[in-house]
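Chains H and C supply the protein sequences, listed in that same order.
Quick note on numbering: full-length UniProt numbering labels position 2 of the first sequence as 2, and the sequence is numbered without any gaps.
Quick note on numbering: full-length UniProt numbering labels position 394 of the second sequence as 394, and the sequence is numbered without any gaps.
Any given hint might turn out to be false.
Label pairs and their computed distance ranges (CB to CB) [as the list claims (entries may be wrong)]:
1. Ala208/C with Thr21/H: 41 to 51 angstroms
2. Asp9/H with His306/C: 48 to 58 angstroms
3. Tyr88/H with Met1/C: 50 to 60 angstroms
If you are wondering where the hints come from, they were derived from the structure by calculation, not from laboratory data.
Just so you know, even glycine gets a beta-carbon here, dropped at the ideal spot from N, CA and C.
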Amino acid sequence: MIPVCRLEDLPAGDSVRLDTTPPVAVFNADGELYAIDDTCSHQDASLSEGWLEGCLIECPLHAASFDLRTGRPTCLPARRPLRTHQVYVEDGVIHVLVASDAGAPGDGGAGAAEKGSAA
Amino acid sequence: MRTVVVVGASLAGLYAARELRAQGFDGRLVVIGAEPHAPYDRPPLSKGFLTGTADEEQLALADEEETAELAAEWLLGARAGALDARGRTIVLDDGRTVAGDGVVIATGAAARRLPGPPLAGVHTLRTLDDARALRAELARGPQRVVVIGGGFIGAETASSCVALGHDVTVVEAAPLPLTAQLGPEMASVCAGLHARGGAELLTGVGVAGLRGAAGRFVTGVELADGRLLPADVVVVGIGATPRTDWLAGSPLAVDDGVLCDDGCVTALPQVVAVGDVARAGGVRAEHWTSATEQPRTAVRNLLAGHTVETAHSLPYFWSDQYGSRIQFAGRRSDGDTVRIVEGSPDDLGGGPPTGPRGEGLLAVYERAGRTTAVLAIDRARPFMKVRRGLAADRAAELAAV
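Produce the complete structure using the sequences and hints provided.
See below:
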């Protein structure tokens with residue numbers, strides 16, 4: 001598990017990027033925490049810099065959009081899903097359990113999103 | 001409408017095919033492509049593909065599943081040679097004909113070349129085959145590369161060549177590259193990226209010609225002021241010309257692109273044009289986003305039989321050079337004032353390919369108190385916010401008309 005930041009340091013609508021390999025982005029979508037691979041599956045761009053609306057994150061480069069709950073793209077130009085990761089809050093600190101590559105990305109297997117509540 | 005022929009199998013052509021199916025066209029769909037390749041994405045050609053971080057598989061625009069779903073007939077490696085007087089039959093270069101009752105023109109643009117006999121080592125960078133050839137040549141070890149033209153393709157190619165360890169000089173005929181797109185202040189900031197990245201930029205000087213014996217390797221670039229730049233590889237990035245030559249003799253009006261209305265409809269209601277080749281509402285935009293956005297409107301109008309919708313997307317383009325990402329959106333015109341609202345031109349980072357990233361900057365262009373455009377260097381998040389605001393303003397403006 002990777003500690004991310006204190007819960008109060010990630011307010012609703014905000015995101016933080018973890019310099020893991022590959023990088024992971026953690027979002028606070030209106031109080032629900034999600035973690036997803038940070039790099040858009042279409043072209044190299046950081047989703048942590050994207051536009052968050054509900055559970056959808058729009059890529060800042062070409063407006064591909066992904067569902068944070070599943071990692072699946074919801075529109076072109078992205079076609080491939082991203083891995084989602086489990087998020088935990090322990091003692092007020094957000095942690096991410098990065099999914100192993102074994103799980104098929106976005107297929108709801110080992111890499112399925114486990115949302116953590118920030119409420 | 002029973003048969004629609006899409007002429008052009010690149011980004012705009014593929015998006016047109018997708019839109020036809022998405023909007024319910026279930027007839028025969030024929031896609032004609034001059035290149036032998038299935039649709040691929042061009043932007044990475046001057047960047048990841050050239051440096052070897054992206055392979056051909058990653059360039060593909062449609063996977064097998066989607067290609068099957070489109071249920072199109074693909075005529076690849078077939079160049080359109082003519083459109084008949086009624087605008088319904090396309091004659092291919094090899095003499096075959098394809099007839100349809102709807103036509104989407106998406107033939108794009110071709111890289112402009114320098115006059116003179118062909119020399120080995122001289123490249124353009126537009127197609128996958130162009131990029132393959134340049135990539136192979138750059139792989140032969142450190143060389144002296146001269147890039148002619150400091151526009152986006154030139155700058156990106158120069159940046160990739162530096163990253164590969166080559167000695168790079170960029171020659172730009174204008175006093176500054178990218179002035180038309182970015183205005184002088186920000187063009188000057190972006191020009192600075194070359195020096196930070198380790199390429200030499202020569203401005204305000206044209207190219208008199210290339211040196212080298214016909215059919216042999218290029219040896220140098222002769223400048224208009226008499227200087228000679230020794231070169232092993234020359235990349236010519238001096239723009240592109242819309243591919244409209246095949247429309248000669250057709251009823252369609254052509255003037256730097258296929259003339260069409262705001263809805264991408266030509267003088268013939270069953271013929272629409274999209275992407276780099278289309279001059280819609282008086283504007284021809286060689287932007288990736290136009291090529292992906294116009295097809296929706298064009299196809300709606302094609303299927304309706306006349307213009308029922310106009311395309312009015314906000315111009316947007318981006319460029320990756322020397323480790324920096326430049327993004328621009330909006331409609332800038334000369335005389336707009338530029339205000340840097342975040343960051344500073346003195347902290348752009350960059351430098352060698354592995355150099356530290358700077359803080360970047362965000363600049364807005366203003367006229368009469370209103371924001372007309374926005375530019376970001378490594379500031380994606382605030383850029384996106386301003387860009388969305390500009391798009392909303394534009395939509396409101398059009399709704400009010």
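| message | To test your reading of the hints: which numbers does this structure violate? | response | Those not satisfied: there are none.
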